[in-house]
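Listed below are the residues making up each chain.
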Amino acid sequence: MAKTLRFRFSRGQELKYIAHLDILRVFERAIKRANIPVAYTQGFNPRQKLVFGLPISIGLTSESEYADIELSEDMSPEEFITKINKGLPEGLKVEEAVARNTRDNIMNQITAARYEIVFEVKEPKSPSEIETMIYDLLSREEIIVMKKTKKGPRPVNIRPLIYSLSAEKTDEYRFRMKTFLSAGAENNLRADLLMQAFSQETKLETETVSMHRKALYASAYNEWKDPFEVAND
Amino acid sequence: MHPLTMMQLKIDDRILLKVKKPAKYTGNEWNMVKKSLDNIKMRFAFCFPDDYEIGMSHLGMKILYHILNKRDEVYCERAFSPWVDMEQIMREKNLPLYTLETYTPLSDFDMVGFTLQYEMSYTNILNMLDLGRIPIFSKDRKEGMPFVIAGGPCACNPEPLADFIDIFVIGEGEEVILEIADEYMSWKEKGESRAEFLKRVSGIEGVYVPSFYDVSYHDDGAVKNVIPKIPDVPDRIRRRIIKDLDAVDFPEDIIVPYIGTVHDRVMLEIFRGCIRGCRFCQAGFIYRPVRERSKEKLCDIARTSAQSTGYDEISMVSLSTSDYSELPDLCNSLIEFTEKESISLSLPSLRVDNFSLGLMDKVSKVRKSGLTFAPEAGTQRLRDVINKGITNEDLISSVKLAVSGGWNQVKLYFMIGLPTETMEDVEGISELSINLIESCRGISQNGKALNITLSTACFVPKPFTPFQWEPMDDMDILMKKQYHLKDLIKKRTRNIKYNYHDARISLIEAVLARGDRRLGKVIYSAWSKGCKFDGWDEFFSFDKWMEAFSECHLDPKFYANRKREYSEILPWDHIDMGISKEFLKNESQKAYEGDLTRNCAAGCSVCGAQIYKTGICTKTKRGLVYGENTKV
Chain A
1 MAKTLRFRFS RGQELKYIAH LDILRVFERA IKRANIPVAY TQGFNPRQKL VFGLPISIGL
61 TSESEYADIE LSEDMSPEEF ITKINKGLPE GLKVEEAVAR NTRDNIMNQI TAARYEIVFE
121 VKEPKSPSEI ETMIYDLLSR EEIIVMKKTK KGPRPVNIRP LIYSLSAEKT DEYRFRMKTF
181 LSAGAENNLR ADLLMQAFSQ ETKLETETVS MHRKALYASA YNEWKDPFEV AND
Chain B
1001 MHPLTMMQLK IDDRILLKVK KPAKYTGNEW NMVKKSLDNI KMRFAFCFPD DYEIGMSHLG
1061 MKILYHILNK RDEVYCERAF SPWVDMEQIM REKNLPLYTL ETYTPLSDFD MVGFTLQYEM
1121 SYTNILNMLD LGRIPIFSKD RKEGMPFVIA GGPCACNPEP LADFIDIFVI GEGEEVILEI
1181 ADEYMSWKEK GESRAEFLKR VSGIEGVYVP SFYDVSYHDD GAVKNVIPKI PDVPDRIRRR
1241 IIKDLDAVDF PEDIIVPYIG TVHDRVMLEI FRGCIRGCRF CQAGFIYRPV RERSKEKLCD
1301 IARTSAQSTG YDEISMVSLS TSDYSELPDL CNSLIEFTEK ESISLSLPSL RVDNFSLGLM
1361 DKVSKVRKSG LTFAPEAGTQ RLRDVINKGI TNEDLISSVK LAVSGGWNQV KLYFMIGLPT
1421 ETMEDVEGIS ELSINLIESC RGISQNGKAL NITLSTACFV PKPFTPFQWE PMDDMDILMK
1481 KQYHLKDLIK KRTRNIKYNY HDARISLIEA VLARGDRRLG KVIYSAWSKG CKFDGWDEFF
1541 SFDKWMEAFS ECHLDPKFYA NRKREYSEIL PWDHIDMGIS KEFLKNESQK AYEGDLTRNC
1601 AAGCSVCGAQ IYKTGICTKT KRGLVYGENT KV
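Those protein sequences? They're chains A and B, same order as listed.
Start counting the first sequence at 1; every next residue gets the next number (the working numbering).
Start counting the second sequence at 1001; every next residue gets the next number (the working numbering).
Check each hint, because a few of them may be wrong.
Stated by the list, open to error - Here chain B is said to cover these stretches of chain A; the calculated rule only asks that three of the stretch's residues, wherever they fall, bring their Cβ under 8 Å from a Cβ of chain B:
1) 6 to 19
2) 24 to 34
3) 65 to 77
Simulated from the structure, these hints should not be mistaken for lab results.
Note that beta-carbon positions come from the ideal geometry of N, C-alpha and C, so glycine has one too.
Start from the sequences, fold in the hints, and give me the full structure.
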């Protein structure tokens, strides 16, 4: 039994067309529909005490999103999972939950993310051609892309934010790219921006077929940890 | 498997990830109705001729969706105008407009229904039919094609859309839509002709089949008469109403959209109609008489709706919240559970007084930023003309009360171009607003001056109001008045932000509102030139509309800016909204005298709505008695 929980949820095809704030709202409503005794913030505009690990952009599916919730009454993680899943629509599902006891919330703990991106090329390419392109790209010290910010587009060097990158051929025109990227409040590299940089720098025309988040990580003692492992740090 | 399921479309990522807010086109929202098509005898596509975010805020759609889907053998689905980015892709890829429930093209439905909320959505109706692969003109629809049906407030003058709509429903739809559905299923079983179905429904009260009527015109362009072409169709079509709101189903399991919409909350309809009778306001006449839902029923609805949707806000809906007869009791009962559940309660169109301010402190946890007042006219004289029963003093004391209660900003709504208006009345708008700022100096909690957002709409005369005979101000006069007001305000104060409506949009609205059947070709021509989303400033094209008028040899001024005689046959005279023409004439004359008419709660003015024998008409106060013998 616990008053604060950390949970992992997945987002499927059905709900990949909505933006992060909409996902947040779906959860808030699901919590109300499921009569989960959530705690609220004080003040004029009370909000549910619910924090998400990393924004999830339109088009992205995921098997590994995390959020922290505070409750007004004790509840077991199992009961929480059963209840909230009754209030959630198809395409969102809470998979696991644990009692949490950390000073930092999940948003501050997340530092890296693993993605799988399926893309298509216009002309057939061999696996080694793509491998060479990736090798060349990763050999550079700087990869400058224009990142949309609130103050307009700005040049950003994303090279330090790419921890690993590889691709395998799945079809004549199709490749599956696997990548491990910096994520979180400070240095976030979105999967779509990485793809944009990849096409731009390699001069390879690609069309993204799907983007999927495999995992999120927190860092602790210079190691990548599962966010559940640091739920009590 | 039902053969229709074969028609389901596949809309893939390559389309959806290229458009803004793709969730507008994917459906599957919480509480969306899912049915197996196996046992469905009638498929109904409810179409809202505007963007998803507007359409999903519309209570009428939620009500009819719920009512139709309660019937096992009927499936009601939804479609909206795709936004321009999506439309472009749909046209490029040759994708038809489809419903969100089953991705079925509109052309595969038994019936396709449009709600007519505002005139400026008419071109979107044509566009949706076209995208849905349904012939735009009724006369071109063949056996086996969908019937196109329409209802809503603008149906009170259906004539401009008569060429496109097979069946109009006049008035409230909850009962009549099921009568039409029953007729449809029995007709379909018998395998009769299209014309036979239209004949069948024309016998239902409140149903108007325009193709059964001939309209002839005088040489000067005015309507000469409207005559049924075939026997047994009514000369006049009477509006349907729901007599007892408690007895009719109200949706509690409403669809919860994933993306934000304009009204993204539980809407609690507390009553229909309005007792006030402001002479410019069509809604104040065409929804009479006032009928309330009981507070017990409302509490039930509120509780169940909140539970089934997870919404954290409930908003009362009516034309004038303060006029609900048991408002304090209703609020107290609602607050009992909303507080516990962290749900906020909002009460729009509330008159400001001590009671309502106290209430607002209690119920809404929103920041004290905006309060809205609608004096509508700047001088007492003109407010009397329009029967808006408030005085400068009322307004000043309300605003002072609000400011001392912590509100620093108010919105004021006025109209420009009201009948009998002079420049003095226009200047009165700025006088009144500045007066408000001055009166509130030094009483605000934080010492700041009152800030006003002042908006003026252009007055558009509407059918079934006492001003239905009035000419609209010429466009250049409206603009002159707007600029004059703008200058005056700029010279006097920085605390007023002034917005005004595009007079050119209002002109087209005025033409369509009081138009006749001949306008069908203008609407068609405007749409062919690319007009759509005409109510949106960024898409409205005045030039295209003017070209359309000139091609069709019709003068917009004839419809908008012409004074009609009381004796003239108006294009909507064969529609009986339950408001007598004599009453409207009398109100129109009283307007010229600046003579006020009491509200329905203070006493009956015999407007005609008493024929419905329900609502406030049956409980008129102050001993005023009338019955069936009353001459109307």
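Outcome of the hint check:
1. 6 to 19: holds (count 5)
2. 24 to 34: holds (count 8)
3. 65 to 77: violated (count 0)
Consistency note: the structure conflicts with earlier hint 3 alone.
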